[in-house]
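Order-wise, the sequence lines are chains A and B. Our numbering numbers the first residue of the first sequence as 1 and each following residue consecutively. Our numbering numbers the first residue of the second sequence as 194 and each following residue consecutively.
Any given hint could turn out to be false.
[Said to hold, decoys possible] Per label pair, the in silico range of CB-to-CB distance:
| hint | chain 1 | residue 1 | chain 2 | residue 2 | range |
| --- | --- | --- | --- | --- | --- |
| 1 | B | T395 | A | E140 | 43 to 53 Å |
| 2 | B | I233 | A | D3 | 24 to 34 Å |
| 3 | A | T136 | B | T395 | 38 to 48 Å |
| 4 | B | T372 | A | I166 | 47 to 57 Å |
| 5 | A | R131 | B | C232 | 28 to 38 Å |
| 6 | A | G18 | B | T261 | 17 to 27 Å |
[To be verified] If you only want the chain A side, here are some residues facing chain B, beta carbon under 8 Å, derived:
| hint | residue |
| --- | --- |
| 7 | W60 |
| 8 | L80 |
| 9 | V156 |
Please keep in mind that the hints were generated in silico from the structure rather than gathered at the bench. Treat the numbers as computed from the prediction; the structure is a model and nothing was measured. We treat Cβ as the ideally placed atom computed from N, Cα and C, and that holds for glycine.
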Amino acid sequence: MRDGDRDDLELHRSLAAGDRGAFDALYLRYSSSAYGLAYRITGQQVLAQDVVHDAFMALWRAPEAYDPARGAFRTFFLSLVHHRAVDTVRREERIRARQDRASNLEPVTVEDPAEGVTDAADLAERRIEVRAALDTLPPEQRQVLELAYYGGRTQVQIAEEIDIPIGTVKTRTLAAMRKLRRVLARSEAPEGA
Amino acid sequence: MTDDHGSIEELLAGHVLRSLTGADAAEADRLLTEHVPGCIECRTTLEDFRRLSGDMGLAAGPVTPPETLLPRLRGELDAGRARRRPLRYVAVAAGVAAVVGLATISVSQNIRANNADVLADSMAEAAALASRPDARMVDVGPMQELSAPGEEILYVMGNGVPMPPEGSVYRAWIVTDGTPTFVGEFLPEEGRVFLEIPFDPTVHDDLWISVEPADAPTDEPVSTERWSASDVA
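For reference, chain B alone in the conformation it holds in the complex (with noise of 0.2 Å):
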């Protein structure tokens, strides 16, 4: 485990250079989770970093797009901007290390998973997802959201998670013009959430997690212990 700042300062280099593998990759994914975000030193390097790999892409030099670019871009503006409420912009990459080892996950219908092989396949792309620019995480009750711009898919993730009172359950909804549809329940395992689900931003407008008792039915939420993501401020 990596605790001296010129060790981390190196990960950050690769991080943000996205030449990490493997055991390095890893470690940095969990200084990101836990050590960054509370270090001024390494929050101001990361974000120095970041805007010296922006302002590397200059030194490549302009060459002209194909004429036709723009026009296709064009046509797809009116299908392309997501009627979802502006998230709350925190630190890439925190909560996917967080939930690495979780080997299993109790969930239900489209919610992807309990394969431990779909699980790390899952973690994987989740892991690339956020440590792009552009992720974002968002705080969803006790667990957070990860989710990033023209992606039909995001993650909920946590640990530490409380188990719902007993005969209760977690639900997840996914919202449409105010209408939630239920999406699947689950419960953590030791105190551990990790949950993909399909998800379009043109289409959707929010997602929900509820306490509900297990025997509630499906069709809308009856509990008021309820969090969104767009809950933020």
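Bound conformation, chain A alone (with noise of 0.2 Å):
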């Protein structure tokens, strides 16, 4: 376990108590990475911001949903923040369809990206490690993959998109997550395992 994780698992003792210190302090710790995602998915900075908004308002509200035993606070945390903006994507798809229905309005164009920060020392060295497993994945897997994931969309979206069979799509999402599995496993393991 990494230093960032012990001192992670020390914060959400805390935040469980009540402590606003330690929201606080995860905040810090976190809010980058979560609104760099979020903005990433959803491509409006209001979006992002209520994206992560909710996942930390869901953390404050229900600190117990986080299972140490399950892994790192990182991957739940980042875990939670991606399902909330891929859900925010696909409901203001939803709402735009009909808006566009309504008016042939022009979709809405996705804002310019916002400049990177520095963070934590060990989520800086993750974050290379992450991308280092990225770039060993075929680009046809990769590319299924980074639709799905940071494009937030579905699987029947990503074979039109690219024009392949679906179980295409399956399969080489598949062997991108085995790799990956493989890759980042070894210096990744759940607490108490």
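If you follow the hints, you should be able to join the two separate chains into one complex; please do so.
Below, the structure written as structure tokens:
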């Protein structure tokens, strides 16, 4: 277990006991990563801000939702942000589709990417490992995985978008996940495992 | 129906990425209910994929959020802490597939349902909730309660739920400061139950399900046959 993961466990315990200082500390540690992820998926600052807000409030309201036996706090929290961001994109797509049908509006354009920031050393280190692992994927596998994860696309949408059978989307997705799992598992193990 | 581990792994990967739809999503829900909880290999795969999904978030790169976000959050902390007792974690999505296909439900008052369209919408919302990594499922007697942090709604569902004794019904109660308030009564349909109940965790403490004589008053439970969502380890 990394030092940062141990610190997170302690902060999470304190947060569960109602410690606002622990909430602030977790916010300072993860807000940039969470916002970066939400921003990449939603493409809009307002939506990304809502996603991150809701994720932190969910953590505060029910800290017991995180179970240390299932892995690092980092992966739990960013997974939560990812789910909420994808749900937000899908909801916005439905709203936009209705609006487009009603008034032939142009699709909403994605805002310019924001400037990156520096965050905690252990998170930066893990980020490098994840990006390096992604770089090991064959381009066709990485494309499918990134459309699903960062693009919030369904497998059906991916098949249509890049014009391949849905069975190929599934095969490439699994191959990519298996490879990333192998590469990243070496430096990540659940608490108590 | 999927039964080989390669195909199951494919569905689990899509499930974790939230990229499944239609029959694939339904099959993943079924597997998460019927197969994964009892299969060490699949449980390990699912947990590994979930951790992977979290770590992939890091690769997006950090971006400083607006300065107004932390003050906004701080201002909401007082009202935001649930008073509810911690609930035990179990496999997400458990139970959702078990109620798909349920056509009708016997409810009253402010438990929503009885209308097939409303029920289908409600089940879809429950399935979406169950797929969240912070979703929780706990036993409430012969049924299960599904909830998630930040949601002011919970679901009670079950498959193979026994009929109560003749002349009796199941009743749902929401408990606030130890005082139960009647929410509605219901009977299983072919052993199946699916209820959607408004529940504010910042106000309400617990959910009870009881077996009551059908003609009993509804001001409080009169039966000792009663289950609480907090009766878990």
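Against the structure, the hints come out as follows:
1. Between B/T395 and A/E140 the CB atoms are about 48 Å apart, so this pair conforms to the stated range of 43 to 53 Å.
2. For B/I233 paired with A/D3, a C-beta distance near 30 Å keeps the hint of 24 to 34 Å intact.
3. A beta carbon spacing of about 46 Å between A/T136 and B/T395 agrees with the range 38 to 48 Å that was offered as a hint.
4. A hinted range of 47 to 57 Å holds for the C-beta pair B/T372 and A/I166, which are about 53 Å apart.
5. For the pair A/R131 and B/C232, the supplied restraint of 28 to 38 Å holds, since their beta-carbon distance comes to about 32 Å.
6. For A/G18 paired with B/T261, a C-beta distance near 24 Å keeps the hint of 17 to 27 Å intact.
7. With its C-beta approaching chain B no nearer than about 5 Å, A/W60 sits inside the 8 Å limit, and its interface hint holds.
8. Hint status for A/L80 relative to chain B: holds, with the closest Cβ pair at about 5 Å, below 8 Å.
9. Checking A/V156 against chain B by beta carbon gives a least distance of about 6 Å; that is within 8 Å, so the hint holds.
Hint check: no violations occur; every hint is consistent with the structure.
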